[in-house]
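**Student:** Starting from the structure of chain H, add chain Z where the hints point.
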Amino acid sequence: MGKVIVITSGKGGVGKTTATANLGTGLAMLGKSVVMVDTDIGLRNLDVVLGLENRIVYDIVDAVRGNCRLKQALIKDKRLENLHLLPAAQTKDKTAVSEQQMKDLCQTLKDEFDYVIIDCPAGIEHGFKNAIAGAEEAIVVTTPEVSAVRDADRIIGLLEAAGIASPKLVINRIRVKMVKAGDMMSVEDMLDILAVDLLGIVPDDEIIVVSTNRGEPTVLDDRSRPGQAFRNIVRRINGEDVPLLALEDEVGFWGRLKNLFAR
Amino acid sequence: MAKEQWFDNISAKPTIIVQRTLRSGQNVNYDGNVVVLGDVNPGAEIVASGHVVVMGSLRGLVHAGATGEDSATVTALSLNPTQLRISSHITRPPDGSRPENSICPEIARIKEGAVVIEKYQAPK
Numbered sequence: 001m002g003k004v005i006v007i008t009s010g011k012g013g014v015g016k017t018t019a020t021a022n023l024g025t026g027l028a029m030l031g032k033s034v035v036m037v038d039t040d041i042g043l044r045n046l047d048v049v050l051g052l053e054n055r056i057v058y059d060i061v062d063a064v065r066g067n068c069r070l071k072q073a074l075i076k077d078k079r080l081e082n083l084h085l086l087p088a089a090q091t092k093d094k095t096a097v098s099e100q101q102m103k104d105l106c107q108t109l110k111d112e113f114d115y116v117i118i119d120c121p122a123g124i125e126h127g128f129k130n131a132i133a134g135a136e137e138a139i140v141v142t143t144p145e146v147s148a149v150r151d152a153d154r155i156i157g158l159l160e161a162a163g164i165a166s167p168k169l170v171i172n173r174i175r176v177k178m179v180k181a182g183d184m185m186s187v188e189d190m191l192d193i194l195a196v197d198l199l200g201i202v203p204d205d206e207i208i209v210v211s212t213n214r215g216e217p218t219v220l221d222d223r224s225r226p227g228q229a230f231r232n233i234v235r236r237i238n239g240e241d242v243p244l245l246a247l248e249d250e251v252g253f254w255g256r257l258k259n260l261f262a263r
Numbered sequence: 001m002a003k004e005q006w007f008d009n010i011s012a013k014p015t016i017i018v019q020r021t022l023r024s025g026q027n028v029n030y031d032g033n034v035v036v037l038g039d040v041n042p043g044a045e046i047v048a049s050g051h052v053v054v055m056g057s058l059r060g061l062v063h064a065g066a067t068g069e070d071s072a073t074v075t076a077l078s079l080n081p082t083q084l085r086i087s088s089h090i091t092r093p094p095d096g097s098r099p100e101n102s103i104c105p106e107i108a109r110i111k112e113g114a115v116v117i118e119k120y121q122a123p124k
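Chain order of the listed sequences is H and Z. 1 is the number of the first residue of the first sequence in the working numbering; add one for each residue after it. 1 is the number of the first residue of the second sequence in the working numbering; add one for each residue after it.
Bound-form chain H, shown alone:
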């Protein structure tokens, strides 16, 4: 029996889809069988981030409506055997799937897979309600911006009201230099307001843009710092006790040289 985890944020553009792609891929790298479900019907992205866009034949709407068998809609990842994607439909809208249908879908999927990772759309309307309908646990992604934290707070409240207690927090796109200069909210500031368990911190890095555009999750790249952060988060999801990534070592020239030899 697998776990159903929804990845949500309220605000758009904070990295839900990137987090889903990387955490799903990371869990599969640990040998778990994983399915990622894109519930952002009408604005699907997860397939693009994973580089699986051109393999879509059937989608989530076809699957829940019985236009195809669920197996037919699942796309096997091109890198990892045990990683699958259930893509969103692009030509429909959020109302094409009901909450009950999502519950049934998650129930079916969790019998088959170790982890069902649900990519939630932005907002708190129908799409959000669908995405959390079948979930048992939640990961809330936020960035060190007042607006993102405010939305995360709202989402945590809604999740609790829906019976998904104690969601875990992932802080994305943190810039150590800016935090040190007092120009960016610190991790402590955010935890002070949100008062939930911290699952991990992901540093801001241009490499994410590259990996997203290439359709290669950065978690696969050994040298990527955000990739390392995601690998740590994955191990924590898997029940290991992993210390937080030391954000302190802003790598200077000497540090880079040292890393080169240490590698």
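The hints are simulated quantities; they were obtained by calculation from the structure and are not laboratory data. From a predicted model like this one, the values you see are computed outputs, not experimental measurements. One thing to keep in mind: the hints can contain errors.
[Unchecked claim] Stretches of chain Z that chain H covers, calculated by requiring three or more beta carbons in the stretch to come under 8 Å of a beta carbon on chain H:
id	segment
1	24-32
2	36-46
[As the list claims (entries may be wrong)] Away from chain Z, derived, C-beta distances all over 12 Å, residues of chain H:
id	residue
3	Gly66
4	Asp93
5	Asp204
6	Val210
Ideal Cβ positions, reconstructed from N, Cα and C, are used throughout, including at glycine.
**Tutor:** Leaving out everything else, chain Z in the frame of chain H:
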């Protein structure tokens, strides 16, 4: 011996205890006093006809004495509301000031027609 009436009209109103943190989008609307055992986050709202006491950080919007009671007060362990209203008075923190967690409990009340915030001290 005549019994001393030690409480005002507001204090004698019914009181609800909210045993949770109020997050953005959540609100409490109550005809009486409100006590929150938790924080009130930005985007959360409390509207009470009586006093409001927050045993935690008050960062959201609060309206005490909402039906026109000037003697209503707002007390919090850390008083940093987005906006603070008592009766028909509306105040907000000065522009540009970064909200900082105050180190001591504070109380807001109307004195001589203005909302005044003071360090909370147990009345002697």
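**Student:** A separate judgement is required for each hint: does it hold in the structure or not?
**Tutor:** Hints versus structure:
no. : hint   : verdict
1   : 24-32  : holds (count 3)
2   : 36-46  : holds (count 4)
3   : Gly66  : 36 Å, holds
4   : Asp93  : 24 Å, holds
5   : Asp204 : 22 Å, holds
6   : Val210 : 34 Å, holds
Taken one by one, the earlier hints all hold for this structure without exception.
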